[in-house]
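**Student:** Below, each chain spelled out in residue letters.
Protein chains: 4
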Amino acid sequence: MPAATRPLNVLVWGENRHEQLEEHVRATYPDGMHGAIRAGIEEHLGETATVRTATLDEPEHGLTEEVLARTDVLTWWGHAAHGEVDDAVVERVHRRVLEGMGLVVLHSGHWSKIFVKLMGTTCTLRWRSEHDRELVWTVNPTHPITRGVPSPIEIPEQEMYGEYFDIPAPDELVFISSFSGGEVFRSGCTFRRGNGKIFYFSPGDQDFPVYHHPHVRRVIANGVEWAAPNLSEAALPTLLRYETGDFFTGHGYQGALDAEHRGGQA
Amino acid sequence: MPAATRPLNVLVWGENRHEQLEEHVRATYPDGMHGAIRAGIEEHLGETATVRTATLDEPEHGLTEEVLARTDVLTWWGHAAHGEVDDAVVERVHRRVLEGMGLVVLHSGHWSKIFVKLMGTTCTLRWRSEHDRELVWTVNPTHPITRGVPSPIEIPEQEMYGEYFDIPAPDELVFISSFSGGEVFRSGCTFRRGNGKIFYFSPGDQDFPVYHHPHVRRVIANGVEWAAPNLSEAALPTLLRYETGDFFTGHGYQGALDAEHRGGQA
Amino acid sequence: MPAATRPLNVLVWGENRHEQLEEHVRATYPDGMHGAIRAGIEEHLGETATVRTATLDEPEHGLTEEVLARTDVLTWWGHAAHGEVDDAVVERVHRRVLEGMGLVVLHSGHWSKIFVKLMGTTCTLRWRSEHDRELVWTVNPTHPITRGVPSPIEIPEQEMYGEYFDIPAPDELVFISSFSGGEVFRSGCTFRRGNGKIFYFSPGDQDFPVYHHPHVRRVIANGVEWAAPNLSEAALPTLLRYETGDFFTGHGYQGALDAEHRGGQA
Amino acid sequence: MPAATRPLNVLVWGENRHEQLEEHVRATYPDGMHGAIRAGIEEHLGETATVRTATLDEPEHGLTEEVLARTDVLTWWGHAAHGEVDDAVVERVHRRVLEGMGLVVLHSGHWSKIFVKLMGTTCTLRWRSEHDRELVWTVNPTHPITRGVPSPIEIPEQEMYGEYFDIPAPDELVFISSFSGGEVFRSGCTFRRGNGKIFYFSPGDQDFPVYHHPHVRRVIANGVEWAAPNLSEAALPTLLRYETGDFFTGHGYQGALDAEHRGGQA
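Protein chains in written order, with our numbering: chain Z, 1 to 266; chain B, 1001 to 1266; chain Y, 2001 to 2266; chain H, 3001 to 3266.
Check before you lean on any hint, since a few could be wrong.
[What the hints assert, rightly or not] Which chain B residues face chain Y? A few, computed with CB under 7 Å, are given here:
hint, residue
1, Leu1135
2, Ile1176
3, Phe1208
4, Leu1236
It should be emphasised that the hints constitute simulated quantities derived from the structure, not laboratory data. All residues carry an ideal CB built from backbone N, CA and C; glycine is no exception.
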């Protein structure tokens, strides 16, 4: 069923550790950070989306083949336990992104295995958690992700994330943030990888109520809509041979050398 | 010693399997494909570069820490044996690129572990090895990589590589090729990752004398020059904390939670 | 009324000279080329769009302030009479694009005054009208403009447009074409200027029935949808002064010097 | 004579009005702002460049055909008198950029006729001249324009320039600035137009000694080097017809229709 004629299937993934371990985080996010993110998406997308959640401590982190196969857009928040995410699950999510699933990576998700794998860089940055004010400025007013939010969005208290942010140059730079300490950050970036679209958005932290901020919630909902799959069916880019004059029937690859020498490819 | 005041250290890496296993390849490339690539770079860069070679069957594939530490630009040709390249060596090369070493990836190197890791995508394409003529058109005449070559470069016989080439949108698209069968390919692309510059150039194949083509050699030499490190010293982007008002003294990261809960990051 | 809740207002602008002067063009396009383009958009967008046409020989070329003010997306086809388009009308269209109106520029519209003004370059290319076959390859499968069309789109007979196409590097490269003569062309390109989105699509010519081609029509309809305004109201970017701490109330500009010396700006 | 074997011919263009009209500007810049900019370039490029100046009040603003023909890179500072720059001179500079001459546009030059013409947008921004501190952060450490300067560059007092800056998305975003008031600005941007390279760099103002700042001077010198022409000879992109199979001999264009109907192009 094409996405346009049914609700978008959105899965909000949350690490859900700070909420269990730290009282002040639990107080700010009684339904978990994933609960707040889910509520923000539901409040904006309404009946056009079905939003579920999954967390680290579920079997396979709640990201089984079956769950991912029916997910149109996945949002990702992780921080303290990136290292606990199973590599096999990361491979699975990676393949689904290249097949067309949208991915919205939030805040400290910059250092998640899945984002690092998709970017190919260290994804490091400078940081400080000291109640900086963050201002989020729109630098691409034609982008649908900016709809309905002012420029700047004012976030009274936030962790500082600053440049140099070691990512590939984004396909589209949507937001740039400043912090009261004077740092800047490319806080809203889009990337296209394989058949999938990726939106990275940095506002959001366990120590501050950023996922209750109405404009932050609007941006995340916009990002989810934007990242919806473009293809009507999942398709992984594949290496195939094509005969001269036949543009549509690719052949399975048989290897670079004859069978006994074979090690590789085309 | 800054690169500008000494010769550029270039390392031409070749898989060197087809040359050993296939008579017709040995005939076309009596010094190996890496030998031809090296000669092309030397003929254009002269005394401004020192060019060495390394191959798969050397210990650590000839890519030890010591060798890589003194390499400014690495060129990479592999095909039949991508799978035999040791993952630890791939990690090492990856880190060196992010530290600033230039990387020129040639032809079937599109499916090498190092290129796939840097791109984050499948790097697949369509192909056919049937004596297509390739025309390489310049689409960015301001780019130094295009210096001294006509548009188009005519390559009488080549393997066809066609779209969809599953790479991130390049930072700069320099060349687009057509093939006599009608396919097109983004054949000259630049990417920046971490502190390193990457140039992918698709012309070149074991079955055809493409690395003896004067314009192909010129482009590769131009690419090597362009990919030279920008920083005077190698530096891996690193996650660091900065106090308010101190922009230059980053602190080592101590973890996201107190010691007993610690699993991750910022 | 926000665009999402009412039909998109689309205006198809046609030069309409070849159709009057050349019998074979009239035979191919009995309703004019603009008529064929309009029909293609209507057949795909249905009730979600209201499509009108305007032509060069109407007063103000059919592009009055009133007409443009209610246009969401304008498509532009011109060729033989670019020079007859009134500069004041070009200024008006230019301002509307910067305010947010979408613009879809077709084929020989590459040399229209409005496209050249928006690009800032010569917009020249190489060409030949000799019945080349054109193949239009998708290089960005995540882009909504590619929906529902095969890769490649095969156009049996077309004018050749080849590189170097003197445009700024597009924000998104969507299609690359090859021609039977061996030339290549960046045939589908997006650009963002001010608050407006621009899609250039090269297939289409007066001498061939390209605007009756089902896939070409689909791409143009997709392009119109994509170019719809993002802002809920037209807004021209304006130079304004802002007091410290007030991010939302810009002041009218009074000039760089006191009144007697005044010549310029901020 | 190819640029590499002779000094680069650099022309520093200055409006030179504030210096004549305002005592405090004359005190800060006794040799004019153009004099300070020239000194900064000379101090870094030494014998590899010959640097001249030209100003608004000279005949043809000092930008005759002869002067421009021998200029490799032009830098542009204007502010109060953009409107006085003769349109014919703007056309001449525009053509020279498309032919390959480099252009470095400084600070308030964002609203110069030449920059607006090359960008195709309004080039407007938000501003405030109130002694903000500006921090200039590197976001592309592989770019040669960033060589030798810290990140951030600290400018104690500056005019604030803030987003939204209405320019096309730059080909490369090199620097992002923050201001003490919280605004951000894409302060170092590159663009390629025709055969020419353009660098926009926003630091610099008549009211503050920014062009005496050693790091600002270094960036401008780096920008001049980067913008040097890539082609060995000036060449304006031109619309030409090519016969099938002849890729190198373009024919002069004869018009779209026969002589009596002719108005346009290909």
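**Student:** Hint by hint, note whether the structure agrees.
**Tutor:** Hint check:
1. At its closest, the beta carbon of leucine 1135 of chain B sits 5 Å from a beta carbon of chain Y; the interface hint therefore holds under the 7 Å criterion.
2. Among the interface hints, the one on isoleucine 1176 of chain B holds; its C-beta lies about 5 Å from the nearest C-beta in chain Y, closer than the 7 Å criterion.
3. About 18 Å separates the beta-carbon of phenylalanine 1208 of chain B from the nearest beta-carbon of chain Y, more than 7 Å, and the hint is not met.
4. Violation of the interface hint for leucine 1236 of chain B is found here, the shortest Cβ-Cβ separation to chain Y being roughly 30 Å, above the 7 Å cut-off.
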